[in-house]
Every structure is written in structure tokens, then in C-alpha cells.
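Residue numbers (numbering that gives the first Met the number 0), protein chains in the order written: chain H, 0 to 287; chain V, 0 to 358.
These are calculated hints, taken from the structure and not from any lab test.
Be a bit skeptical, because a hint or two may be false.
As the list claims (entries may be wrong) - One-sided excerpt, in silico: chain V residues whose CB lies under 8 Å from chain H:
| id | residue |
| --- | --- |
| 1 | 122 |
| 2 | 239 |
| 3 | 244 |
Said to hold, decoys possible - A few chain V positions that, by computed beta-carbon distances, are all more than 10 Å from chain H:
| id | residue |
| --- | --- |
| 4 | 30 |
| 5 | 38 |
| 6 | 69 |
| 7 | 147 |
| 8 | 150 |
| 9 | 173 |
| 10 | 242 |
| 11 | 243 |
| 12 | 246 |
| 13 | 248 |
| 14 | 249 |
| 15 | 251 |
| 16 | 253 |
| 17 | 281 |
| 18 | 293 |
| 19 | 330 |
As the list claims (entries may be wrong) - Beta-carbon label-pair distances, calculated as ranges:
| id | chain 1 | residue 1 | chain 2 | residue 2 | range |
| --- | --- | --- | --- | --- | --- |
| 20 | H | 70 | V | 161 | 18 to 26 Å |
| 21 | V | 49 | H | 112 | 36 to 44 Å |
| 22 | H | 13 | V | 226 | 38 to 46 Å |
| 23 | V | 100 | H | 1 | 45 to 53 Å |
| 24 | V | 210 | H | 17 | 53 to 61 Å |
| 25 | H | 67 | V | 257 | 17 to 25 Å |
| 26 | H | 40 | V | 294 | 53 to 61 Å |
All C-beta atoms in this analysis are idealised placements derived from N, C-alpha and C, irrespective of residue type, glycine included.
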Amino acid sequence: MTRPLIEAIDATLAVSAFRLVDRVSLALRAGEFVALVGPNGAGKSSLLHLLGGARRATSGSVLFEGRDIAATPAKLLATRRAVVGQATSVKFPFRVREMVALGRLCAHPEESPAQVDRAVGNALEAVGLSGLGDRVFPTLSGGEQQRAHVARALAQLHGVAAPTVLFLDEATSNLDVEHQHDVLGLARDHAQRGGTVLAVLHDLNLASWYADRVIVLSGGRIRTDAPPRVALTPELIRAVFRIDVRAMESPPAAHGPVLPLVFRNDDRIPAYPPARSESMLSAKGAPL
Amino acid sequence: MSSVDGRLDPRADDLPRLAAILVGAAILAVLAALCLGSISFSVWELFTSLRELSRGESESATFQTQLLWGLRAPRVALALLVGAGLALSGAALQGLFRNPLADPGLLGVSGGAALAAAAAIATAGGGVLSSVVGPFAGPFAVPFAAFSGALLATGAAWLLARPQSGDGASRLILAGVAINAIAFAGVGLITFLVDDAQLRGLAFWNLGGLGGATWQVVGVTALFVSAASVPLCSVASGLDALQLGEDGAFYAGTPAPRLRRVVVVAAALAVGASIAAAGAIGFIGLLVPHGLRTLGVSRHRVLLPLSALAGGALLVVADLVARTVATPREIPVGVLTALCGAPFFAFLLHRRGRLGGPK
Numbered sequence: 000m001t002r003p004l005i006e007a008i009d010a011t012l013a014v015s016a017f018r019l020v021d022r023v024s025l026a027l028r029a030g031e032f033v034a035l036v037g038p039n040g041a042g043k044s045s046l047l048h049l050l051g052g053a054r055r056a057t058s059g060s061v062l063f064e065g066r067d068i069a070a071t072p073a074k075l076l077a078t079r080r081a082v083v084g085q086a087t088s089v090k091f092p093f094r095v096r097e098m099v100a101l102g103r104l105c106a107h108p109e110e111s112p113a114q115v116d117r118a119v120g121n122a123l124e125a126v127g128l129s130g131l132g133d134r135v136f137p138t139l140s141g142g143e144q145q146r147a148h149v150a151r152a153l154a155q156l157h158g159v160a161a162p163t164v165l166f167l168d169e170a171t172s173n174l175d176v177e178h179q180h181d182v183l184g185l186a187r188d189h190a191q192r193g194g195t196v197l198a199v200l201h202d203l204n205l206a207s208w209y210a211d212r213v214i215v216l217s218g219g220r221i222r223t224d225a226p227p228r229v230a231l232t233p234e235l236i237r238a239v240f241r242i243d244v245r246a247m248e249s250p251p252a253a254h255g256p257v258l259p260l261v262f263r264n265d266d267r268i269p270a271y272p273p274a275r276s277e278s279m280l281s282a283k284g285a286p287l
Numbered sequence: 000m001s002s003v004d005g006r007l008d009p010r011a012d013d014l015p016r017l018a019a020i021l022v023g024a025a026i027l028a029v030l031a032a033l034c035l036g037s038i039s040f041s042v043w044e045l046f047t048s049l050r051e052l053s054r055g056e057s058e059s060a061t062f063q064t065q066l067l068w069g070l071r072a073p074r075v076a077l078a079l080l081v082g083a084g085l086a087l088s089g090a091a092l093q094g095l096f097r098n099p100l101a102d103p104g105l106l107g108v109s110g111g112a113a114l115a116a117a118a119a120i121a122t123a124g125g126g127v128l129s130s131v132v133g134p135f136a137g138p139f140a141v142p143f144a145a146f147s148g149a150l151l152a153t154g155a156a157w158l159l160a161r162p163q164s165g166d167g168a169s170r171l172i173l174a175g176v177a178i179n180a181i182a183f184a185g186v187g188l189i190t191f192l193v194d195d196a197q198l199r200g201l202a203f204w205n206l207g208g209l210g211g212a213t214w215q216v217v218g219v220t221a222l223f224v225s226a227a228s229v230p231l232c233s234v235a236s237g238l239d240a241l242q243l244g245e246d247g248a249f250y251a252g253t254p255a256p257r258l259r260r261v262v263v264v265a266a267a268l269a270v271g272a273s274i275a276a277a278g279a280i281g282f283i284g285l286l287v288p289h290g291l292r293t294l295g296v297s298r299h300r301v302l303l304p305l306s307a308l309a310g311g312a313l314l315v316v317a318d319l320v321a322r323t324v325a326t327p328r329e330i331p332v333g334v335l336t337a338l339c340g341a342p343f344f345a346f347l348l349h350r351r352g353r354l355g356g357p358k
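Assemble the whole structure, with the sequences as input and the hints as a guide.
Below is the structure:
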């Protein structure tokens, strides 16, 4: 097996006596889409910040390509991994184009404006915001802002030859259903091109649909780390989330109630998500 | 790629134009400030006297030349420097705190400077301070005290906040507020204790003025303002990235703690030097970067130099008005900037609210 891009070994993040992340060991490899799920307060974001290098493990270690991530310069890391956070607000009237370029400028300060423009243009096109590049960022809708942040992350990693890691920290939480699938479809494209995706998700169906592996976190500890079909059993979901679910092998009736259902993605069902001829997802994403 | 993808900034044409307008305005402001005053000159006379000066005939220089280059020119130069330092620091601090209402006084700088200056004025002639400050005694005792007070207050705010982790920026603001409150209470106490003559000195200090400008003061201020502007401009793209939050900035390649140290130290130097040279001049540091942002300048790489330019020009004009509008008396320039700045600020807020811009 290939060497992991990012690896946590017994990583613990403690604030005073409270362990937000408790002796977590995991590996993220090239080409993987990993979903991180768990109840609120399970330590998902803290784990993501540990793996991204923004927090230091109080004990244990986090390695980036075999080196201690704390010893890896922030600038170098920025060329290899990008993070889309939860609804990041921007106070000043940056244009969308300028905001998307932020990711590019710090990570690749040596680039010419034309190269930056190309990365920014590609990223905006990928998230379907080409027409909004000149708008003032804070005037966009919440969903558009979030997609622009995804574009910023894509621009940051654009054209990097080595495998890159895309972190999505509940990045789809305030998107509508269509754009949730668009963003996760882009992330899956990233994984299929040899990159790595770690997505914190609340929607178990999305996790089940997109991820190669699902890591279920509870109380700062990993409950399971396995392919969705193995990980998201009704028993585990009952134990961790305290709700009863029924896993279905086929999609519900077209007019059925919208309920928290768990799909199994072994034989990814073509009808879910619904095929849309114009969408990026059906164009490049879903392996139909 | 669609047709609108051609350029990073659709106002790339507008930015050089804005910069050119600001440079032009600054040159006009400087010329006007040199020519107009208790004795007015024409631009032609300005150049003749400059030629006279450059021939090195200092003993034989006319009274006009002495007035122009000995008194008025250093005053204009000081206004440029102080305005530039305040506006530059304001822009950088607003970026650092991600808050368009941040002001150079926020770090406790103005409070510390005012308290130290007040203490120096109150103890002037007492010998205690002058023995401590040694070579800076005499005419430089008060500015030196103000500068030291500004740096000490910033240092105290920094230690109080210890912004090493988490949301350091907001703790730093709160610490600055606390330091300022203590310092101004101290100023109030000193004001209550001193005699009438010292009270006048204190009032001048709190209202700000450029009357004390000499080439010596200009030189020292230029040293500190330029020493601050180099690191500030070098972290411009980091300040952009910081708008994504501290974690966001790190993920984009700029660790926030180093950025914060650079900005706080540089801003304290520039603002401390400005206050030491010209007293507390309000609103320039708040208003100038804010105004430029509403004109569409957001990236700090452009915003910081343009703020310095516009701030310098604005203070030159404000000082010109302050010393000419009620001759032979002088309005304290700090009063004037607040008097003009506050309504302009209110107008900007009103306009932005109407356009439904960002909160």
C-alpha cells in the first residue's frame, strides 16, 4: 500500500483535562474520499484541524508524508492541502475573484498574475460561479459564498503535481440539495484524479454515497473506520447518534416521505442523486 | 472560460487611475500648503526661493525663504508623515482585527502616549524625568515620553491578552480597551492636579497639532514611519488571507501569530511616533482606509500604500485649514479632523446601508 499522505498516530488534542480528540490513529491515502461523521461535539472539527496542521497534538503525532506536520512550513503545507470551513464570513468588500485568489496568492507567491487568473478562472468555472467573479463577496447568498470558498480551495491546489488533500469541514451544511451534490461531486473528482478528500459531513446518506471510507467519531474517539456499508450499520448509528434508522438497498418511492435514510453505495443506485443533464455531477462525477 | 474571466480585478483600470488621482491630490495639497498661510507665496516664488536655498546662501536667505523652508516645509512634511503613518497603521490594524471600525488607538497606544505625555508635562522642570531621559530632555522630553508610553501600553496590552492561541485578536482589542481606560483615567487625574499653564500644554497634546514641526522632528518621525511601513507592506497578502479567519489564514499558508506580531509592533512604532510628533490626531487612521475600501480597494497590497498616500494628503489639507481659517489663531488639527471626519464617516455608513452592502 502507498505511504499515507497524512497519518495520525495516537493523536490526542486536550484542552485542560478535556480530550477533544482522544488517541486517534488513522491514515489518509492518495485517491481516497474519506467521510468523517459523528454527533455534535464528537471532535470532528478538532480532528480536522489536527490533520490539517492548524492545531498541534498534545500527545501522539500527526505526519504529513512521513514528516511531523508541526515541522512542515505553513507555506509548503498550503500548496498541498486546502480547507473549506464552516460558513467563513468575510467582513471587507473583496470581490469574489479576489477572495478566490487569496488561496492562490499566499501558497504560490511566485506566480504571475496571469497564472493566478487562470487558477482562479478554472476554480470559479468548476463551482459554477464564472458569472459572479466581479461581484462583491459579502453580497452573495450563503450558498454562493460557500461555493466561492470551495473555489478558493480548488484554486489553491490547482495544477499541483504531487497528490493534494482537500478538507471539507461541514462545507455542505448550508447548501441546498443540488449544490451539496455539486460540491461533493467536485470533491470526488479530486479524489479520482489522485487527490485525497476528508469531508466532515452530517448527512449520513451523503457520506454513504460519496465516501470510500467512513470514520465515525464519538467522544473524540474513532468508533469505526471502514467502507460505508460496513461502518454505517443501524446498530452503530443507534449507539452513536441515538436514532433508529433502516438501511435500504434501493431508493424510496418517488413520493415517499423525506426521512433520514441510509443508502448503501456498493451498487451506487443511478437514481440517487437524480441525474441532471446540465449538472457537473452527472457530467463528470457520478460513476453511472 | 467565459468572457468575464479575463482579469483578476475588473477595476484593474480604475486602480491606477485612483492612484494617479491620489498622487495628484497629494502634490496639489503639498503645493497649496507650502504657498498658503500667514504670508502667501505664488508657486513661482516657491521655486525661486528653493533655488536660492539650493545655492547654499543660508546667511543671506530672505525672511520669506526662512519662513518657507525653516517653518512651513517641515510642518507640511510632518503632516504628510503623520497622516501616512496613522492611515497605514489604521488600515493594517483593521485588516488584523477583521474589523472596519478598528482604529490605531485600539491597542492602548493613544492612551499610553497621552498618559506619559501628561506625566512629562506635569513633572516638567521637576528634574525626575529629565534625568531619566538624558539626551532626550528639554524640547524632546514630552515627545519621547509619549513614544515610550505608546510602546509600553501596547506591550502591556499584548502581555495582558497573550494572544498565542485561539481568538487572540479580540482579546487584544479588549486588553487595549482596558489599558486605554486606565490611561485616560490617569490623564484625567493629572489634568485635575496641574496648574493653568500646564493645563494648556495638556490640552494641546490631547487635541493634536503640527506646530512643533522642525526638520529634526521630521527626520525622527520619517525614520519610525518608514521602519514601520516596510514590514507592514510585506505582510499585505497575509492580511488578505487573515480575512478568512486565523485558521483560514494558516490553511492558506500564513500563520496568524507571526502576522499579528509584525502588525502590532509596526503599528505601535508608527502611531507612537506620530503621536509623539503631533499629539493625538483622530479619525485619519479610521477614516482613510475605510473610505478607500468603499471605493473598491480591498487587497492590502494596494490598500496599504494608497492609505498612506491619502492619509498624508488629508492631514496636509487639514493642517492647512487649521492654520489659515482663523488666522492668526490656529485650530487644533485634531479637532478639525474629528469635525470633518465624523460627518463623512456617518455619510459613508448611511450610503453603505442604503446600497445594502456588507454589514
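**Study point:** Cβ separation check - residue 69/V to all of chain H, threshold 10 Å
**Key:** holds (43 Å)
Check your understanding: Does residue 242/V sit more than 10 Å from chain H, CB to CB?
Key -> violated (5 Å)
Check your understanding: Does residue 122/V pass the interface hint, meaning its C-beta sits closer than 8 Å to a C-beta of chain H?
Key -> With a closest approach of 43 Å, the residue 122/V hint is violated.
Review point. Would the least Cβ to Cβ distance between residue 38/V and chain H come out above 10 Å?
Key: Holds, since 45 Å exceeds 10 Å.
Point to revise | Interface exclusion of residue 249/V relative to chain H, criterion Cβ beyond 10 Å | key: violated (5 Å)
**Study point:** Whether residue 30/V stays farther than 10 Å from all C-beta atoms of chain H, as the label says
**Key:** holds (33 Å)
Review point. Does the claim that residue 248/V lies outside the interface with chain H hold up, using a Cβ gap greater than 10 Å?
Key: Residue 248/V is in fact no farther than 10 Å from some Cβ atom of chain H, at 8 Å.
Review point. Falls inside 53 to 61 Å, the C-beta gap from residue 210/V to residue 17/H?
Key: Taking Cβ atoms as reference, residue 210/V and residue 17/H lie about 59 Å apart, which means the hint holds.
Review point. Looking at residue 173/V again, its CB stays over 10 Å from all of chain H?
Key: Since the minimum Cβ distance to chain H is about 18 Å, residue 173/V lies beyond 10 Å and the statement holds.
Check your understanding: When you take the CB atoms of residue 100/V and residue 1/H, is the distance between them in 45 to 53 Å?
Key -> Because 51 Å falls inside the window, the suggested range holds.
Point to revise | Claimed clearance of chain H by residue 293/V, with the beta carbon kept past 10 Å | key: Per Cβ check, residue 293/V is inside 10 Å of chain H; nearest 7 Å; violated.
Practice item. Could you let me know if the closest chain H CB is still more than 10 Å away from the CB of residue 251/V? Key: Answer for residue 251/V: violated, closest chain H Cβ roughly 5 Å.
Checked against the numbered hints given earlier, the structure breaks hints 1, 10, 11, 12, 13, 14, 15, 16, 18, 26 and satisfies all the rest.
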